[in-house]
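Residue numbers for the sequence shown follow this note's numbering, beginning at 1233 and rising by one.
What the hints contain is simulated information worked out from the structure, not anything from laboratory work.
The beta carbon of each residue, even a glycine, is placed where N, CA and C say it ideally should be.
Be a bit skeptical, because a hint or two may be false.
[To be verified] Below 30 Å or equal to it, Euclidean Cα-Cα: the simulated DSS-like pairs (lysine-lysine) are: (1) Lys1490 - Lys1455; (2) Lys1469 - Lys1521; (3) Lys1480 - Lys1556; (4) Lys1386 - Lys1469; (5) Lys1258 - Lys1559; (6) Lys1245 - Lys1307; (7) Lys1402 - Lys1439; (8) Lys1297 - Lys1439; (9) Lys1307 - Lys1439; (10) Lys1579 - Lys1556; (11) Lys1402 - Lys1297; (12) Lys1407 - Lys1439; (13) Lys1455 - Lys1555.
[Claimed, not checked] The calculated label-pair distances, taken between Cβ atoms and stated as ranges, are: (14) Arg1486 - Ala1435: 36 to 46 Å; (15) Arg1476 - Pro1357: 23 to 33 Å; (16) Asp1366 - Asn1241: 12 to 22 Å; (17) His1565 - Ala1435: 47 to 57 Å; (18) Leu1459 - Gln1529: 46 to 56 Å; (19) Gln1466 - Glu1335: 35 to 45 Å; (20) Ser1410 - Asp1301: 24 to 34 Å; (21) Gln1494 - Gln1381: 39 to 49 Å; (22) Asp1366 - Asn1566: 45 to 55 Å.
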Amino acid sequence: MENVLTSGNYRRKKISNFLLNQVEIKIGRTRLLSYPYILILDPSNICNLQCPLCPSWQDTTSRPKGKMDIHLFRKIMAEAGPYIITVNLCNWGEPFLNPDLSEMIAVAKRYSIVTGLSTNLNYLPDDAAEQVMDAGIDIIVISLDGITQETYSKYRQGGELQKVLANIEKLNYFKRRSGNKTTLAWQFLVNKYNEKELEGAEALAVKMGMHFLPSAMRSSMGKELILPLYERVQEMKDWFPENRTYRKYPSDIRPETKTSQQTCKWLWNSMVINWDGSVAPCCGIFEEKWDFTNLSQKAATFHQAWNSPHYRLARKLVSAYLKKSDKLPKLIHNAEAEGLICRNCIKYGFLED
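When you get a sec, could you build the whole thing from the sequences and use the hints?
Rendered as C-alpha coordinates:
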(Lines of atoms letter the chains of each structure in order from A and count residues from 1; the text may use other names and numbers.)
(Lines give C-alpha, C1' and ligand atoms only; values in the text may rest on other atoms or scores of the structure.)
Protein backbone atom coordinates (compact mmCIF):
# COMPACT_ATOMS: atom_id res chain seq x y z
CA MET A 1 0.00 0.00 0.00
CA GLU A 2 2.80 2.44 0.92
CA ASN A 3 4.54 2.03 -2.46
CA VAL A 4 1.31 2.66 -4.34
CA LEU A 5 0.45 5.77 -2.36
CA THR A 6 3.91 7.29 -2.66
CA SER A 7 4.47 6.84 -6.38
CA GLY A 8 2.69 7.20 -9.70
CA ASN A 9 0.99 9.93 -11.68
CA TYR A 10 -2.16 9.92 -9.55
CA ARG A 11 -0.48 9.92 -6.15
CA ARG A 12 -2.30 12.92 -4.68
CA LYS A 13 -5.77 11.81 -5.77
CA LYS A 14 -5.24 8.28 -4.49
CA ILE A 15 -3.93 9.45 -1.11
CA SER A 16 -6.72 11.99 -0.63
CA ASN A 17 -9.41 9.53 -1.65
CA PHE A 18 -8.01 6.75 0.55
CA LEU A 19 -7.87 8.99 3.63
CA LEU A 20 -11.37 10.36 3.00
CA ASN A 21 -12.66 6.83 2.53
CA GLN A 22 -11.19 5.74 5.86
CA VAL A 23 -12.95 8.62 7.61
CA GLU A 24 -16.25 7.77 5.92
CA ILE A 25 -15.92 4.13 6.96
CA LYS A 26 -15.22 5.14 10.56
CA ILE A 27 -18.24 7.45 10.84
CA GLY A 28 -20.50 5.10 8.87
CA ARG A 29 -21.40 7.62 6.22
CA THR A 30 -24.01 6.35 3.76
CA ARG A 31 -23.69 8.78 0.83
CA LEU A 32 -19.99 8.76 0.08
CA LEU A 33 -17.84 11.55 -1.29
CA SER A 34 -14.95 9.14 -1.78
CA TYR A 35 -14.58 6.48 -4.44
CA PRO A 36 -13.83 2.86 -3.58
CA TYR A 37 -10.10 2.21 -3.71
CA ILE A 38 -10.49 -1.50 -4.53
CA LEU A 39 -12.14 -2.92 -7.65
CA ILE A 40 -13.11 -6.55 -8.19
CA LEU A 41 -13.77 -6.68 -11.91
CA ASP A 42 -14.73 -9.83 -13.79
CA PRO A 43 -13.38 -9.98 -17.37
CA SER A 44 -15.48 -13.12 -17.91
CA ASN A 45 -17.77 -15.28 -15.80
CA ILE A 46 -17.21 -18.24 -18.12
CA CYS A 47 -14.98 -20.98 -16.70
CA ASN A 48 -13.31 -23.99 -18.30
CA LEU A 49 -13.27 -26.13 -15.13
CA GLN A 50 -15.95 -27.68 -12.92
CA CYS A 51 -14.85 -27.20 -9.32
CA PRO A 52 -17.34 -28.88 -6.93
CA LEU A 53 -17.94 -25.89 -4.61
CA CYS A 54 -18.21 -23.26 -7.36
CA PRO A 55 -21.55 -22.23 -8.91
CA SER A 56 -20.10 -20.91 -12.18
CA TRP A 57 -20.66 -24.17 -14.06
CA GLN A 58 -23.45 -25.62 -11.90
CA ASP A 59 -25.82 -22.66 -12.07
CA THR A 60 -26.25 -21.51 -15.66
CA THR A 61 -29.46 -19.52 -15.19
CA SER A 62 -28.87 -17.11 -12.28
CA ARG A 63 -26.56 -14.82 -14.25
CA PRO A 64 -25.97 -14.49 -18.02
CA LYS A 65 -22.58 -15.65 -19.27
CA GLY A 66 -20.27 -13.36 -21.19
CA LYS A 67 -17.05 -11.36 -21.46
CA MET A 68 -16.55 -7.72 -20.58
CA ASP A 69 -16.31 -5.32 -23.50
CA ILE A 70 -13.11 -3.28 -23.51
CA HIS A 71 -15.10 -0.08 -24.07
CA LEU A 72 -16.98 -0.64 -20.80
CA PHE A 73 -13.68 -1.23 -19.02
CA ARG A 74 -12.26 2.00 -20.43
CA LYS A 75 -15.38 3.90 -19.31
CA ILE A 76 -14.96 2.60 -15.76
CA MET A 77 -11.27 3.49 -15.67
CA ALA A 78 -11.81 6.95 -17.15
CA GLU A 79 -13.83 8.01 -14.10
CA ALA A 80 -12.61 5.80 -11.27
CA GLY A 81 -9.05 4.97 -12.35
CA PRO A 82 -7.36 8.01 -10.76
CA TYR A 83 -8.71 6.97 -7.32
CA ILE A 84 -8.32 3.19 -7.47
CA ILE A 85 -5.34 1.61 -5.71
CA THR A 86 -5.83 -2.02 -6.71
CA VAL A 87 -7.92 -3.96 -9.20
CA ASN A 88 -8.46 -7.72 -9.15
CA LEU A 89 -9.34 -8.90 -12.65
CA CYS A 90 -11.25 -12.01 -11.63
CA ASN A 91 -14.33 -13.17 -9.76
CA TRP A 92 -16.56 -15.94 -11.15
CA GLY A 93 -14.75 -16.97 -14.32
CA GLU A 94 -11.40 -17.60 -15.98
CA PRO A 95 -9.90 -14.20 -16.89
CA PHE A 96 -7.67 -15.53 -19.69
CA LEU A 97 -10.81 -16.43 -21.67
CA ASN A 98 -11.29 -12.71 -22.38
CA PRO A 99 -9.09 -11.79 -25.37
CA ASP A 100 -8.92 -8.17 -24.17
CA LEU A 101 -7.36 -9.09 -20.81
CA SER A 102 -3.90 -7.70 -21.59
CA GLU A 103 -5.38 -4.43 -22.81
CA MET A 104 -7.37 -4.15 -19.57
CA ILE A 105 -4.15 -4.59 -17.61
CA ALA A 106 -2.38 -1.97 -19.72
CA VAL A 107 -5.21 0.53 -19.23
CA ALA A 108 -5.22 -0.03 -15.46
CA LYS A 109 -1.44 0.43 -15.27
CA ARG A 110 -1.75 3.82 -16.99
CA TYR A 111 -3.66 4.90 -13.89
CA SER A 112 -0.90 3.55 -11.60
CA ILE A 113 -3.16 0.77 -10.31
CA VAL A 114 -1.77 -2.40 -8.75
CA THR A 115 -3.25 -5.07 -11.00
CA GLY A 116 -3.70 -8.76 -10.28
CA LEU A 117 -5.77 -11.79 -11.18
CA SER A 118 -6.44 -15.37 -10.15
CA THR A 119 -6.46 -18.14 -12.74
CA ASN A 120 -6.64 -21.92 -13.05
CA LEU A 121 -4.10 -21.48 -15.90
CA ASN A 122 -5.42 -24.35 -18.00
CA TYR A 123 -5.77 -21.93 -20.91
CA LEU A 124 -2.84 -19.69 -21.84
CA PRO A 125 -2.01 -19.01 -25.50
CA ASP A 126 1.59 -17.90 -26.10
CA ASP A 127 0.51 -14.44 -27.17
CA ALA A 128 -1.60 -14.00 -24.01
CA ALA A 129 1.34 -14.94 -21.76
CA GLU A 130 3.58 -12.46 -23.56
CA GLN A 131 0.99 -9.69 -23.64
CA VAL A 132 0.04 -9.77 -19.93
CA MET A 133 3.71 -9.56 -18.98
CA ASP A 134 4.35 -6.74 -21.42
CA ALA A 135 1.25 -4.95 -20.06
CA GLY A 136 2.81 -4.94 -16.58
CA ILE A 137 0.62 -7.29 -14.52
CA ASP A 138 1.71 -7.10 -10.86
CA ILE A 139 0.49 -10.44 -9.48
CA ILE A 140 -0.90 -13.65 -10.91
CA VAL A 141 -2.35 -16.15 -8.44
CA ILE A 142 -2.51 -19.67 -9.85
CA SER A 143 -4.97 -22.12 -8.30
CA LEU A 144 -3.12 -25.43 -8.13
CA ASP A 145 -4.24 -27.92 -5.48
CA GLY A 146 -1.98 -30.92 -5.98
CA ILE A 147 1.21 -32.22 -7.56
CA THR A 148 -0.26 -35.39 -9.05
CA GLN A 149 -3.02 -35.43 -11.65
CA GLU A 150 -5.22 -37.65 -9.49
CA THR A 151 -5.05 -35.30 -6.52
CA TYR A 152 -5.19 -32.08 -8.53
CA SER A 153 -8.28 -33.11 -10.49
CA LYS A 154 -10.18 -34.09 -7.36
CA TYR A 155 -11.17 -30.44 -6.97
CA ARG A 156 -10.02 -28.81 -10.24
CA GLN A 157 -12.23 -31.12 -12.27
CA GLY A 158 -11.51 -30.92 -15.99
CA GLY A 159 -8.04 -29.50 -15.37
CA GLU A 160 -4.69 -30.91 -16.52
CA LEU A 161 -1.78 -30.59 -14.09
CA GLN A 162 0.98 -30.86 -16.69
CA LYS A 163 -0.65 -28.17 -18.80
CA VAL A 164 -0.71 -25.81 -15.80
CA LEU A 165 2.94 -26.48 -14.96
CA ALA A 166 3.92 -25.87 -18.58
CA ASN A 167 1.96 -22.62 -18.57
CA ILE A 168 3.76 -21.49 -15.40
CA GLU A 169 7.06 -22.03 -17.21
CA LYS A 170 5.66 -20.02 -20.12
CA LEU A 171 4.79 -17.13 -17.78
CA ASN A 172 8.24 -17.30 -16.20
CA TYR A 173 9.86 -17.15 -19.64
CA PHE A 174 7.97 -14.03 -20.69
CA LYS A 175 8.45 -12.52 -17.23
CA ARG A 176 12.23 -12.82 -17.60
CA ARG A 177 12.11 -11.51 -21.14
CA SER A 178 10.02 -8.46 -20.19
CA GLY A 179 12.11 -7.66 -17.13
CA ASN A 180 8.97 -7.26 -15.02
CA LYS A 181 8.85 -8.07 -11.31
CA THR A 182 5.49 -9.80 -11.57
CA THR A 183 4.70 -11.97 -8.55
CA LEU A 184 3.61 -15.50 -9.42
CA ALA A 185 1.77 -17.07 -6.49
CA TRP A 186 0.76 -20.71 -6.09
CA GLN A 187 -2.54 -20.97 -4.21
CA PHE A 188 -3.03 -24.41 -2.70
CA LEU A 189 -6.50 -25.03 -1.20
CA VAL A 190 -5.78 -27.61 1.49
CA ASN A 191 -8.27 -30.47 1.80
CA LYS A 192 -8.25 -34.08 2.95
CA TYR A 193 -7.38 -35.33 -0.53
CA ASN A 194 -4.27 -33.22 -1.06
CA GLU A 195 -2.85 -32.36 2.37
CA LYS A 196 -0.25 -35.13 2.01
CA GLU A 197 1.19 -33.23 -0.96
CA LEU A 198 1.50 -29.90 0.86
CA GLU A 199 5.26 -30.06 1.47
CA GLY A 200 5.99 -31.30 -2.03
CA ALA A 201 3.90 -28.51 -3.53
CA GLU A 202 5.75 -25.89 -1.51
CA ALA A 203 9.12 -27.26 -2.63
CA LEU A 204 8.01 -27.22 -6.26
CA ALA A 205 6.68 -23.68 -5.92
CA VAL A 206 10.04 -22.47 -4.60
CA LYS A 207 11.83 -24.29 -7.43
CA MET A 208 9.59 -22.51 -9.96
CA GLY A 209 10.19 -19.10 -8.38
CA MET A 210 6.70 -18.75 -6.94
CA HIS A 211 5.25 -17.61 -3.64
CA PHE A 212 3.42 -20.48 -1.95
CA LEU A 213 -0.01 -19.71 -0.49
CA PRO A 214 -1.60 -22.67 1.32
CA SER A 215 -5.18 -21.73 2.16
CA ALA A 216 -8.18 -23.17 3.97
CA MET A 217 -11.17 -23.94 1.77
CA ARG A 218 -14.26 -21.74 2.03
CA SER A 219 -17.82 -23.04 2.13
CA SER A 220 -19.80 -23.38 -1.09
CA MET A 221 -19.24 -20.17 -3.04
CA GLY A 222 -22.35 -18.35 -4.13
CA LYS A 223 -24.17 -19.53 -1.00
CA GLU A 224 -22.12 -17.58 1.52
CA LEU A 225 -24.85 -14.97 2.07
CA ILE A 226 -27.77 -17.24 1.19
CA LEU A 227 -27.55 -20.00 3.80
CA PRO A 228 -26.61 -20.07 7.50
CA LEU A 229 -22.98 -20.95 8.19
CA TYR A 230 -23.97 -24.30 9.75
CA GLU A 231 -25.73 -25.50 6.59
CA ARG A 232 -22.87 -24.41 4.37
CA VAL A 233 -20.30 -26.19 6.50
CA GLN A 234 -22.32 -29.43 6.41
CA GLU A 235 -22.13 -29.33 2.61
CA MET A 236 -18.33 -29.21 2.63
CA LYS A 237 -17.39 -31.40 5.62
CA ASP A 238 -16.16 -34.15 3.31
CA TRP A 239 -13.37 -31.79 2.21
CA PHE A 240 -12.04 -31.02 5.72
CA PRO A 241 -8.31 -31.86 6.08
CA GLU A 242 -6.95 -33.66 9.13
CA ASN A 243 -4.60 -30.73 9.69
CA ARG A 244 -6.71 -28.30 11.73
CA THR A 245 -4.43 -25.42 10.78
CA TYR A 246 -6.18 -25.44 7.42
CA ARG A 247 -9.75 -25.82 8.64
CA LYS A 248 -11.59 -22.54 8.28
CA TYR A 249 -14.53 -23.80 10.33
CA PRO A 250 -14.76 -26.04 13.42
CA SER A 251 -16.25 -29.48 12.75
CA ASP A 252 -18.58 -29.14 15.76
CA ILE A 253 -20.14 -25.88 14.56
CA ARG A 254 -23.63 -25.23 15.92
CA PRO A 255 -26.78 -24.25 13.94
CA GLU A 256 -26.89 -20.77 15.48
CA THR A 257 -23.20 -19.99 14.86
CA LYS A 258 -22.51 -16.85 12.84
CA THR A 259 -19.41 -16.15 10.79
CA SER A 260 -16.38 -14.75 12.61
CA GLN A 261 -16.38 -11.58 10.49
CA GLN A 262 -17.47 -8.65 12.68
CA THR A 263 -18.14 -5.97 10.09
CA CYS A 264 -18.45 -5.25 6.37
CA LYS A 265 -16.12 -2.88 4.55
CA TRP A 266 -17.19 -3.96 1.07
CA LEU A 267 -19.95 -1.36 1.02
CA TRP A 268 -17.45 1.43 1.70
CA ASN A 269 -14.11 0.54 0.12
CA SER A 270 -14.73 -1.93 -2.73
CA MET A 271 -16.89 -2.26 -5.82
CA VAL A 272 -17.58 -5.61 -7.47
CA ILE A 273 -18.33 -5.26 -11.19
CA ASN A 274 -19.51 -8.18 -13.31
CA TRP A 275 -18.66 -8.67 -16.99
CA ASP A 276 -21.80 -6.82 -18.15
CA GLY A 277 -21.35 -3.82 -15.86
CA SER A 278 -23.75 -5.03 -13.19
CA VAL A 279 -22.62 -4.18 -9.66
CA ALA A 280 -22.87 -6.71 -6.82
CA PRO A 281 -22.65 -5.84 -3.10
CA CYS A 282 -19.55 -8.02 -2.61
CA CYS A 283 -17.65 -10.90 -4.20
CA GLY A 284 -19.90 -13.44 -2.44
CA ILE A 285 -22.88 -12.64 -4.67
CA PHE A 286 -23.39 -14.94 -7.65
CA GLU A 287 -27.05 -14.44 -8.56
CA GLU A 288 -27.99 -11.47 -10.72
CA LYS A 289 -31.17 -10.77 -8.73
CA TRP A 290 -29.11 -9.42 -5.82
CA ASP A 291 -27.21 -6.80 -7.86
CA PHE A 292 -27.37 -3.15 -6.77
CA THR A 293 -27.16 -1.36 -10.12
CA ASN A 294 -25.51 -1.47 -13.57
CA LEU A 295 -22.68 0.68 -14.93
CA SER A 296 -23.46 -0.07 -18.57
CA GLN A 297 -26.55 2.14 -18.43
CA LYS A 298 -25.71 5.27 -20.41
CA ALA A 299 -26.96 7.74 -17.79
CA ALA A 300 -25.11 6.14 -14.88
CA THR A 301 -21.73 7.49 -13.82
CA PHE A 302 -19.49 5.38 -11.62
CA HIS A 303 -20.03 7.64 -8.62
CA GLN A 304 -23.81 7.68 -9.11
CA ALA A 305 -23.78 3.89 -9.08
CA TRP A 306 -21.57 3.95 -5.95
CA ASN A 307 -24.28 5.97 -4.20
CA SER A 308 -27.30 4.17 -5.66
CA PRO A 309 -30.37 3.70 -3.41
CA HIS A 310 -29.43 0.08 -2.66
CA TYR A 311 -25.86 1.01 -1.70
CA ARG A 312 -27.11 3.74 0.65
CA LEU A 313 -29.74 1.51 2.26
CA ALA A 314 -27.19 -1.28 2.75
CA ARG A 315 -24.76 1.13 4.43
CA LYS A 316 -27.52 2.42 6.71
CA LEU A 317 -28.41 -1.16 7.63
CA VAL A 318 -24.86 -2.20 8.49
CA SER A 319 -24.14 1.04 10.37
CA ALA A 320 -27.29 0.63 12.45
CA TYR A 321 -26.34 -2.95 13.28
CA LEU A 322 -22.81 -2.02 14.34
CA LYS A 323 -24.05 0.91 16.43
CA LYS A 324 -26.89 -1.18 17.94
CA SER A 325 -29.30 1.51 16.79
CA ASP A 326 -33.00 1.30 17.60
CA LYS A 327 -33.58 1.98 13.88
CA LEU A 328 -32.29 -1.49 12.99
CA PRO A 329 -35.67 -3.34 12.93
CA LYS A 330 -37.15 -0.79 10.54
CA LEU A 331 -34.06 -0.91 8.32
CA ILE A 332 -34.21 -4.72 8.22
CA HIS A 333 -37.85 -4.42 7.16
CA ASN A 334 -36.90 -1.92 4.44
CA ALA A 335 -34.07 -4.16 3.26
CA GLU A 336 -36.44 -7.11 2.97
CA ALA A 337 -38.96 -4.98 1.08
CA GLU A 338 -36.24 -3.88 -1.36
CA GLY A 339 -34.88 -7.40 -1.79
CA LEU A 340 -31.50 -6.48 -0.32
CA ILE A 341 -29.28 -9.51 0.29
CA CYS A 342 -27.31 -7.57 2.92
CA ARG A 343 -30.07 -8.31 5.44
CA ASN A 344 -28.71 -11.87 5.58
CA CYS A 345 -25.39 -10.56 6.89
CA ILE A 346 -27.23 -9.31 9.96
CA LYS A 347 -28.79 -12.74 10.34
CA TYR A 348 -25.90 -15.08 9.49
CA GLY A 349 -22.78 -12.93 9.91
CA PHE A 350 -20.74 -10.94 7.42
CA LEU A 351 -18.85 -12.36 4.44
CA GLU A 352 -15.51 -13.65 5.67
CA ASP A 353 -12.19 -12.37 4.37
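Hint check against the structure, violated hint numbers in rising order: As far as the earlier hints go, 8, 9, 15 and 18 are violated by this structure, in ascending order.
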